[in-house]
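S.K.: Protein chains in written order, with the working numbering: chain A, 1 to 326; chain B, 1001 to 1323; chain C, 2001 to 2452.
These aren't lab readings, by the way, just hints derived from the structure by calculation.
Any given hint might turn out to be false.
Cross-link-like lysine to any residue pairs, in silico, SDA-like; alpha carbons within 20 angstroms at most [stated by the list, open to error]: (1) C/2031 - B/1257; (2) B/1137 - A/52; (3) A/253 - C/2127; (4) A/253 - C/2133; (5) A/111 - B/1320; (6) C/2337 - C/2326; (7) A/111 - B/1322.
One-sided and incomplete, this derived list gives chain C residues near chain B with beta-carbon spacing under 10 angstroms [stated by the list, open to error]: (8) 2006; (9) 2009; (10) 2010; (11) 2139; (12) 2140.
In silico negatives: residues of chain B with every beta carbon more than 12 angstroms from chain A [stated by the list, open to error]: (13) 1134; (14) 1165; (15) 1270.
Backbone N, C-alpha and C define an ideal beta-carbon position, used for all residues, glycine too.
Here are the chains, one letter per residue:
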Amino acid sequence: MMREITYTTAAREALAEEMARDPSIFVVGEGIGARGGNFNTTLGLYDLYGPMRLRDTPIVERGFVGMCTGAAMTGSRPVVDFMFFDFILDSFGELFNQTSKMQYMSSGRLKMPIVLRGCIGIGGSSATHHSGSYYPIFVHIPGFRVVMPTNPYDAKGLFKTALRGDDPVLFLEHKSLLNVKGHVPEEDYSIPFGQAAIVREGTQATVVALGSMVRLVEKAAETLASEGISIEIIDPRTLAPLDIDTILQSVQKTGRLLIVDETFAPCGIGSEISSQVMEKGFDDLDAPVMRLNGLHTPTPYSPALEAAVVPNPQTILQSIRDLLAE
Amino acid sequence: MPDEVTKEHALTLWRQMLMIRRTEEQLAKSYAGGMIPGACHTYVGEEAVATGVCANLNHEDAVFSTHRGHGHALAKGVPPREVVAELFGRVTGCSRGRGGSMHLFSPEVGMMGTSGIVGPCILQATGAGYTFKLLNKPNVGVAFFGDGAMNNGAFHEGLNLAAIWDLPVIFVCEDNMYATEVPFAYATKNQDVAARARTYGMPGYSLDGNDVLAVYEAANEAVQRARSGGGPSLLHCKTYRTRPHAEGMRDAGYRTTEEVESWRQRDPIVTLRDKLLTENIAEEGDFEEIESEIKAIVEDAAEFAKNSPYPDPATAAEHIYSV
Amino acid sequence: MATEIVMPRLGWTMEEGVLVEWLKNDGDPVKVGEIIFTVESDKALNEVEAFESGILFIPPDSPPLGTTIPVGGLLAYLVQPGEALPSVKSAISSSVKIDEQPRAVAASGFQAVSKSNGLPAISPRARRIAHELGIDWTALTGSGRTGRIVERDVRAALESRKSAPVIPTPQPVEISPVARRAAEELGVDLAALGAKMPGKRITREDVERAAEFRSPVSASADEKRIPVSRIRSVIAERMSASAHTTAPVTLTTEVDATELVKLRKQLKGDSSANTRPVPSYNDLLAKLCAVALEEHPMLNARLEGNEIVMSSAAHIGFAVDTERGLLVPVIPNVGSKNLRQIAAESAALVEGARAGTLKSDVASTFTITNLGMYEIDAFTPIINLPECAILGVGRIQAKQVVIDADAELLAIRHMMFLSLTFDHRLVDGAPAARFLQRVKQFIEQPYLWLIG
């Protein structure tokens, strides 16, 4: 049976169902206990499971990330809820030198079943300490999985896989998607990592859209369709592992590729996709691969400035038109 | 020192300390002979701390160590063969050649890693304590770190978290007075380390780190407290390393030969032996027997390591993920 | 057992040190921890302690003071009281130098694209499709924003070619294939020529005469202009390079190919081989040349800077005449293939060459060019750079030849000329002649190379 629920509700359902199934899962973060989370990520769970499994923390990101790394090594399955993903930056030392390397250093005898979740993205004048995405950095480092669902169905299915797996997973939820509603079955299901979704089929150009950009690109595709132009849209869903094959097959069909990503261009996901397509699909390219990114700048506060640093439907449309003209 | 010391208990501790000492001496020799491609930070002089604490632990308790961690690995139960082979970079090492001195792993005996970064072991031991409390296990997490970690953020955050949640953790500071060449006295305004335990709200012990019986007693109390739900403790063990910070490094400029010599006089292995002989708890023969047993074990370890193969380069990218 | 005292490793990067001074004498007792000698490394003086107790034994051939000794080098021994002194020439200390880490595999790079030579820009996709469809893209104009030729331009060209109006000829022009080819090469308008001599079958002579009589002042009606195609310009460049770089010498010999003809006849007459291609003369020649090249590797070579690079495998190219010009497809590793495989591969390659779908994978190491079908006997083929030799094959013609001069015996034999051009920079006349002689022998006695 399908019902329409919000992205937040879908993700929370995944968490609740897994916590009921597995008593070694516990959540750690600021305000995720009795309050139920700043973004309602754990609403109602504290009453069910109490403080040992819904653990409010002091403001010590390095501390509780390091702690959860040790916990994951010794038999429990922590979920670290950063609230705003920007707060993860204080824990980079623990994440990059310890969490991501533990399985390798122990030759696979230790697992690292830790999920690191937080809300990303620009909007609502959150300004530069509450608008970050930063995920390309995690894609670059060996040992992490990076997951970025863009709708409720994917959110629940991917969160399940994250909670059931034994690898460190960054689970990234764009703030603008939290209240988006979508169809979600009641039956149990999960979505494997490394499978992109073809959001819309088309023939003249392929647009890979990340996170919040998917919905904006869909709008652009509608406009173009009314002009007789057919665009294919791909949502990678997971960035590590990345399903490059789906993208390559699409480019084989269309010959043209644009990657739309809210976050910065230098060393971003667009660079990686572009490089891989150039290496593996060179002879399928009818035009250079193009990228549309947010501006390479800290995020400003004033709405007029904030709007100027992210792709919008007009700039997306123009980029697609430019790509077709190449 | 406690009054009643049984011969068996004392000799067990003495044997463990000697095992660490002879293995470290072998490693220093092997390093000079070019057998160790990476770094080697020896534990010579500090054996009583690892021995006294780990004698209270079992394989399900989790130890998290630092860059000077061979003593902890050996005391926790990693065989000398595996430690030496690991430093030689061979596949038979406890970390299969992937880690070397600063990434010794043997989860099978609860050795959860030495580390090249100062601080994280404190947080990870706290995490182990969280797991044991969550899953209702009677086990403890133990962090070994030096005076150099005492002013690191991880110390502050880790001790505080363990205290507010009453976690079964023992924090063991091996204060050998220097972080490489930086004196603790320079890096710390308030030299009263015992006060720190109080500040974070946990019991603290200020110990002669070269008295293995004293360390054993204090650790015993701390472990019991933790296992019974009484929360964490801080052990501040004053000790000394008589070899340089790392093999191959010059030991000059930051301490005097007189200071080193004075601590040699307080060698934990010699002092325990003297005490046991003086108090007629043990005889010369007991020590000689242990000496030759350990000598054979360590020589075998070196030979084993020397003859072990290197890991297959084709496996270099394995075990990044679980899937 | 005696303990070795060696040059110690006193630092991460130390590889050798200077033995400065012995602080104990030969025969002195030594306790653990005592300083026994000093070493200089990296401008610093280091004291070295003993790891064992014992009696110091400095052998007579121990390195003298002031010598630089590598880490691990043997200096002396510590022996136990009553122990025999180790023999002076004992084994060197076993301090193993750990091999450097193998270098990480470099990320795959790309070959530099050939330099632009005034040709328009084209996308990789469009280039591939043009190749597949047999469209000459160099003549197209690109509709890409920067003038690049893109897929749509190539497909548009295909459409217009299909729907192009057929130029009506008043009468069909009868012309020999040779004459047609000549007309193309010389730029003679066949329709116009045909109109001038109605009813006559146009020969090569007619075409050549027509070309000769073209007036230097170009009246456009009598002339035909063909833009130099990509293939033609590549051929022109390569032929020119070969002519200017190599020192070509052509050896000719007349060969009794009777046995080869017999062999081919048998293969052709095998009705069970209906579906499979019958090995052609070229296939037979390729195989026997590959065997001969194994014995004469100097002919299977190329010049690279200061080195002659000899290939152990023979990758044989054979010249194929196509509409667009001369192509040289390659059969790799001929030596390791049997005749059936060679025949199948060469048939596929010829078809590919004519259809324009060839993809060049392997560079040839030796080329065969056969003009026998055009009744040519001997000629001077041009070396296919960077190879060092090319074998020209003439027609097989039945002739009366002397079998036994003394007995004055004549017979009809199938004779064939071979013309081997070789690069005298790499190979001298005698070795080249010996190779040709062997090829001749193989043709005359096929059993020798058929064994495999």
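S.K.: Please work out if residue 2337 of chain C and residue 2326 of chain C have their alpha carbons no farther apart than 20 angstroms.
M.R.: violated, 25 angstroms
S.K.: For the hint on residue 2010 of chain C, does the least C-beta distance to chain B fall short of 10 angstroms?
M.R.: With Cβ-Cβ at 6 angstroms, under 10 angstroms, it holds.
S.K.: Straight-line Cα separation of residue 111 of chain A and residue 1322 of chain B no greater than 20 angstroms?
M.R.: holds, 7 angstroms
S.K.: Please settle this one: residue 1134 of chain B was flagged as non-interface, so is its CB more than 12 angstroms from every CB on chain A?
M.R.: violated, 5 angstroms
S.K.: Against the 20 angstroms threshold, does the CA-CA distance of residue 1137 of chain B and residue 52 of chain A hold or violate the hint?
M.R.: With Cα atoms ~14 angstroms apart, residue 1137 of chain B and residue 52 of chain A stay inside 20 angstroms; holds.
S.K.: Does residue 2140 of chain C meet its interface restraint, that is, does its C-beta lie within less than 10 angstroms of any C-beta in chain B?
M.R.: Status violated, d = 46 angstroms.
S.K.: Does the nearest C-beta of chain B fall within a distance shorter than 10 angstroms of the C-beta of residue 2009 of chain C?
M.R.: Since the shortest Cβ distance to chain B is 5 angstroms, the answer is holds.
S.K.: Quick one, are residue 2031 of chain C and residue 1257 of chain B close enough, alpha carbons at most 20 angstroms?
M.R.: Satisfied, since the Cα-Cα distance of roughly 18 angstroms is no more than 20 angstroms.
S.K.: Does residue 2139 of chain C meet its interface restraint, that is, does its C-beta lie within less than 10 angstroms of any C-beta in chain B?
M.R.: Not OK, violated: residue 2139 of chain C not within 10 angstroms of chain B, min 49 angstroms.
S.K.: Quick one, are residue 111 of chain A and residue 1320 of chain B close enough, alpha carbons at most 20 angstroms?
M.R.: holds, 10 angstroms
S.K.: Quickly compare the C-alpha distance for residue 253 of chain A and residue 2127 of chain C to 20 angstroms and report which way the hint goes.
M.R.: holds, 16 angstroms
S.K.: Classify the label on residue 1165 of chain B as holds or violated, using whether its beta-carbon is more than 12 angstroms from each beta-carbon of chain A.
M.R.: violated, 8 angstroms
In the structure shown, a violation is registered for the earlier hints numbered 6, 11, 12, 13, 14, in ascending order.
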